[in-house]
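Visitor: All chains, please: the whole structure from these sequences, using the hints.
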Amino acid sequence: MKKKLSAVQTIFVIITGVLILWCTGIFLFAQDSSEYVKKGWAVLGERKFEEVHQITDKCINEFSQTADNLAARLSELPSKGEESKYQVMNDVATCYFIKGEALMREEKIPEAKKVFKEAVDKYPFAVAFDPRGWYWSIKEKAEITLRKLETGKVEEFEEEDVTVSTKVKLYDEGDEFPVNYSKYGKFSHQGRKNYKYIITDPVGLAKAAGEGIYPNTSSVKFDPEFVKIKKELSSIDHWKILNSRDLNLAFYKWNVAPEPGGVKLFYIADILERSGLIKQAIKAYYAVLVHFPSSYGWTYWHTPWYIGKAALYRIRFLLRENPELGFKLDEASIQIINGYDNEVRNDIFIVNPGKLVKTSFLSKIKNSFCKEKERKLGRIVETRGGKRVKLIKDNRGNWQMLVENKPFIIKGITYAPTRVGESPDFGTLENWTTQDLNKNGLIDAPFEAWVDRNRNNVQDKDEKTVGDFHLMKEMGVNTIRVYHQPAELNKELFSQMYKKYGIYVVVGDFLGKYALGSKANWDPGTDYDDPVHKKNMLDSVKEMVLEFRDEPYILFWLLGNENVYGVACNADKKPESFFKFANEAALLVKSLDTQKRPVGIASGDTLYLDIFAKNCPDIDIFGTNVYRGKYGFLDLWDEVKRVADKPAMITEYGAPSLAKGYTMEEAQSFQADYYRYNWLDIFCNSAGYGAGAAIGGFAFEWLDEWWKAYEPSYHDKKGLFAGPFLDGYMHEEWLGLCSQGDGKSSPYLRQLKKSYFIYKELWND
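Residue 619 in our numbering sits at position 590 of the sequence shown, and the numbers go up by one each step.
Since no wrong hints were added, every one of them can be taken at face value.
Listed next, the in silico DMTMM-like pairs over lysine to aspartate or glutamate satisfying Cα-Cα at most 25 Å (straight line):
{"hint": "1", "residue 1": "Lys405", "residue 2": "Asp667"}
{"hint": "2", "residue 1": "Lys177", "residue 2": "Asp454"}
{"hint": "3", "residue 1": "Lys142", "residue 2": "Asp97"}
Here are the in silico distance ranges between beta carbons for each label pair:
{"hint": "4", "residue 1": "Lys225", "residue 2": "Asp359", "range": "17 to 27 Å"}
{"hint": "5", "residue 1": "Asp359", "residue 2": "Glu695", "range": "30 to 40 Å"}
{"hint": "6", "residue 1": "Asn424", "residue 2": "Gly531", "range": "30 to 40 Å"}
{"hint": "7", "residue 1": "Gly74", "residue 2": "Phe206", "range": "55 to 65 Å"}
{"hint": "8", "residue 1": "Gly181", "residue 2": "His331", "range": "33 to 43 Å"}
{"hint": "9", "residue 1": "Lys259", "residue 2": "Glu695", "range": "28 to 38 Å"}
{"hint": "10", "residue 1": "His331", "residue 2": "Ser620", "range": "34 to 44 Å"}
{"hint": "11", "residue 1": "Ser217", "residue 2": "His331", "range": "24 to 34 Å"}
If you're looking for bench data, these hints aren't it; they were derived computationally from the structure. For glycine and all other residues, C-beta sits at the position ideal for the given N, C-alpha and C.
Guide: Below is the structure:
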């Protein structure tokens, strides 16, 4: 028999329930408020302004009190990883911003200005999430828009950057280079599981290693410069100082940084390297291999970053670039079993730190990047593809692409010459393959681009109209990468490009990424187990193949674009379902393509490589977007060869030509070096060299695109997310090998960056 509650008990339960709901309101409200944001952006894109106002007003009215309470807690932007704690505030502020955008597009300027100002005043530390993976400041973008409305110009307030430039000056360099670790301890289980180095003489090892290099944690305390600034260090953020030019201060801060030993030591090595102390940097990187080979960190996208592997390849890079040191790293290897997912708890490390050994006199003076003779290719044991374009593998494991029976390495570029002021986010992106703004019968960027040699943003008499296709041919490009969605491609344009310039096309289907092809809603996006989505995507793939299969300029087919990272698809959550479906799509392509061209995939780094290998026997090429830094692609080639035994290509790689605290000249030089070393790493792992698995790559990208950080009429200088670049941030609007100058002569003007001339040298050799 149930016992009835008294009136007092009932009231107590109700009050308790209300208090619980109030205290946990952040989490209960977060999902509901975010739904308003999703709907608001969607109807704004469709220009359904009345619905925009209904949705945003409802969100603001319903959640503003909670948002105000959250805003009162903040005195600065929330730290990375903390943004979701302020979800309701972020959503309410975003709804103000969406409402302001709608009013602006309705040309209700006074009302728009009022709404933007209210967002700035009420929620100065609110951030909005970009579905491509990063957060942006609502205040910052609202203020840019306000200035645009008030002055007619798109401007961003830029803080004066007071740059202090120093380099590390060591108090104690240590007694040995390289350190003879066998004198100070014992190696156990080298090349096997459970590797470790056991120190038997810590004092001797510390003396040999030097300041800042494990286990030497005491020398820095006696460094006179450290003693001077010791009290200041507690107020400095070690992550913010890391990529500054004040390397001396960064070095001292990282010696006391509250990070795991491997992470701390790696970045100390990085700071030493940037200070030009190459021997000390090599010692520090090698100490990572010896003491902390299984250390890991996390990328911005929360994928594991294995520090031991990174240290190993940096040592090889530095020894190759500094042959006068007279050493090489012998027999070093780190293999990570179960290392292709986002889970680190199941990782098993097989470690051999190897040994730094002396090289011959000839090796010291040799100036070859690959540092090895080209191997002779063996007997063909496997062929994929058709008669005209094929992939062959020899009995020594080398993969090679042949076009009309001649060796072909992809010297590719991603080509999307977006006009300044256009944006897919605003629904203003035009189809560049048909764009003819001056109505002269010529497609603008491909045929009418011109080079602004003196960078005065004016076409002078001696600056002739030549077109991008001509410039790319001069650079050495032999292939471009495009997608047949969302806009219809101009086949005649590609035919002209191929006939006149000999440039091939790799055409792709997004395979549900960004919900393209699946016809799914952006949120939750494509589901690779949904039969309707799968049918829609196969229909899209079929349409692509039937449209282009008879075109001689098609080199091969491409499926996806780093789907494994998610973004309007669930390949990150269901990788097996995704790769099984990708293989199904590849079989469809092969059944329709009468020329039997190869089929590749564009994945994301080596995430889920093992699942790809197991489920994609009919995909011929493992392609992947990779941004690992200027040191190249590390062990990617060996991993693809070992796990998947497929030819490999890089479908995206590159670096921005902008860095905070550095001049344009310095940033362009960094970008050029990045591109040089990345390409040489590709070449040195092609048939006859290294892993023998690389068949080329696509630099990302041809031209700076101004829309990626929201305002498409302004060349944004803010870093969008952390990455292995000069200032530690990705500036996505500055990735091009060419600039659009001040944007006033877009889409025609081209200012060629240093990277263009690097490729002109490398690709025409």
